[in-house]
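Participant: Take 1 as the starting number for the sequence shown in our numbering and just add one per residue.
I should point out that these hints are in silico values taken from the structure, not numbers from a laboratory. All figures in this text were calculated on a predicted structure; none of them were measured in a lab. Beta carbons are placed, not taken as given, at the ideal position from N, Cα and C, and that holds for glycine. Where hints are given, some of them may not hold.
Simulated crosslink set (DSS-like; lysine-lysine; CA at most 25 angstroms straight-line) [stated by the list, open to error]:
id : residue 1 : residue 2
1  : LYS111    : LYS138
2  : LYS141    : LYS210
3  : LYS165    : LYS141
4  : LYS157    : LYS191
5  : LYS210    : LYS138
6  : LYS157    : LYS93
7  : LYS39     : LYS101
8  : LYS111    : LYS141
9  : LYS93     : LYS210
10 : LYS210    : LYS169
11 : LYS101    : LYS111
12 : LYS93     : LYS39
13 : LYS191    : LYS101
14 : LYS101    : LYS141
15 : LYS138    : LYS101
16 : LYS141    : LYS8
17 : LYS93     : LYS138
18 : LYS157    : LYS111
19 : LYS169    : LYS157
20 : LYS8      : LYS138
21 : LYS138    : LYS157
Distance ranges between label pairs, derived from CB positions [stated by the list, open to error]:
id : residue 1 : residue 2 : range
22 : LEU154    : SER98     : 19 to 29 angstroms
23 : ARG21     : GLU66     : 12 to 22 angstroms
24 : TYR26     : THR62     : 16 to 26 angstroms
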Amino acid sequence: MLDSTNVKATATRRDIETLCREAVRYGFGCVCVNPVYVKLASTLLRKSDVKVCSTVGFPTGTSLTEIKAIEATRAFEDGACELDMVINLSLLKSGDYSTTKRDIEAVANIKHLSREMVVKVIIETALLTREEKVIACKLAKDAGADFVKTSTGLFGKGATVADVKLMRKTVGERMGVKASGGIRTYADALKMVAAGANRIGSSTATAIIKGAS
């Protein structure tokens, strides 16, 4: 259930090597990295069960839709089998829901290249009203995404129990909910799972696992 993440702008090759090594050691489901490191992570993890996730449109979500689609395709070609895309908050807050949905669809369409591809949509809950959170979740579901995700972890307070509960209620039981942003302990992770999350994203995944005892 844990996505071990390093999407820092200052992440080095050595940092990603450590991320992948620890992911194998602790049995994490996935590592999440920025596009520049997808090929490296895929190479390091090719003999393991750990999957590679790439960010798309990270961190603001305001890239052109065509660029997001290219980014998704390149990530797939480099070995990613999961994508964490950021919703276009500018479009969403402007009330342009049809274009927001098309933006998500452009990335979700990558699944025609691989049925195993998983697309998660980061809605950045800390920057949205309750109504906007519900709308964002519905748009992601209608656009064919597999998960909705709380946060990039870079803006506001990150994941909250209340937001995870709302997201789960909105998308139902068949769609995934990923809690991410500010989850640093085993107790934090358990609260998110109890609220309805079936995936946890954290840059301190190793510390979470070590705290399980």
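Participant: Each of the hints needs a verdict: does it hold here or not?
Facilitator: Evaluated hints:
1. Note on LYS111 and LYS138: the hinted pairing holds, with a Cα-Cα distance of about 19 angstroms set against a maximum of 25 angstroms.
2. Annotation: proposed proximity of LYS141 to LYS210 is violated, straight-line Cα distance about 34 angstroms (limit 25 angstroms).
3. A C-alpha spacing of about 16 angstroms is found between LYS165 and LYS141, which places the hinted pair at or below 25 angstroms, so the restraint holds.
4. Using a Cα cut-off of 25 angstroms, the hinted pair LYS157 and LYS191 holds, with the two alpha carbons roughly 16 angstroms apart.
5. This hinted pair does not check out: LYS210 and LYS138 have alpha carbons roughly 36 angstroms apart, beyond 25 angstroms.
6. Note on LYS157 and LYS93: the hinted pairing holds, with a Cα-Cα distance of about 19 angstroms set against a maximum of 25 angstroms.
7. The straight-line distance between the Cα atoms of LYS39 and LYS101 is roughly 29 angstroms, outside the 25 angstroms bound, and the hint therefore fails.
8. With a C-alpha separation of about 14 angstroms, the suggested pairing of LYS111 with LYS141 holds against the 25 angstroms cut-off.
9. Of the supplied pair hints, the one linking LYS93 and LYS210 is violated, its CA atoms being roughly 40 angstroms apart against a limit of 25 angstroms.
10. For the proposed pair LYS210 and LYS169, the alpha carbon gap of about 31 angstroms is over 25 angstroms, so the pair is violated.
11. Among the hinted pairs, LYS101 with LYS111 is consistent with the structure: their alpha-carbon atoms are about 16 angstroms apart, no more than 25 angstroms.
12. Restraint check for LYS93 and LYS39: the C-alpha separation of about 34 angstroms exceeds 25 angstroms, so the hint is violated.
13. Among the hinted pairs, LYS191 with LYS101 is inconsistent with the structure: their alpha-carbon atoms are about 30 angstroms apart, more than 25 angstroms.
14. With a C-alpha separation of about 9 angstroms, the suggested pairing of LYS101 with LYS141 holds against the 25 angstroms cut-off.
15. Simply put, LYS138 and LYS101 have alpha-carbon atoms about 9 angstroms apart, close enough for the 25 angstroms limit, and the pair holds.
16. Pair hint LYS141 plus LYS8 does not hold up; C-alpha atoms about 28 angstroms apart against a cutoff of 25 angstroms.
17. Under the criterion of a C-alpha separation no larger than 25 angstroms, the hint pairing LYS93 with LYS138 is consistent with the structure, at around 15 angstroms.
18. At roughly 31 angstroms between alpha-carbon atoms, LYS157 and LYS111 are farther apart than 25 angstroms, so this suggested pair is violated.
19. With a CA separation close to 21 angstroms, the supplied pair LYS169 and LYS157 stays within the 25 angstroms bound.
20. With a C-alpha separation of about 29 angstroms, the suggested pairing of LYS8 with LYS138 is violated against the 25 angstroms cut-off.
21. For the hint pairing LYS138 with LYS157, the CA-to-CA distance comes to about 22 angstroms; that is within 25 angstroms, so the pair holds.
22. Distance hint for LEU154 and SER98: a CB-CB separation of about 27 angstroms, consistent with the stated range 19 to 29 angstroms.
23. Look at ARG21 against GLU66: about 36 angstroms separates their beta carbons, and that is not inside 12 to 22 angstroms.
24. Checked against the hint of 16 to 26 angstroms, the pair TYR26 and THR62 fails, with Cβ atoms roughly 34 angstroms apart.
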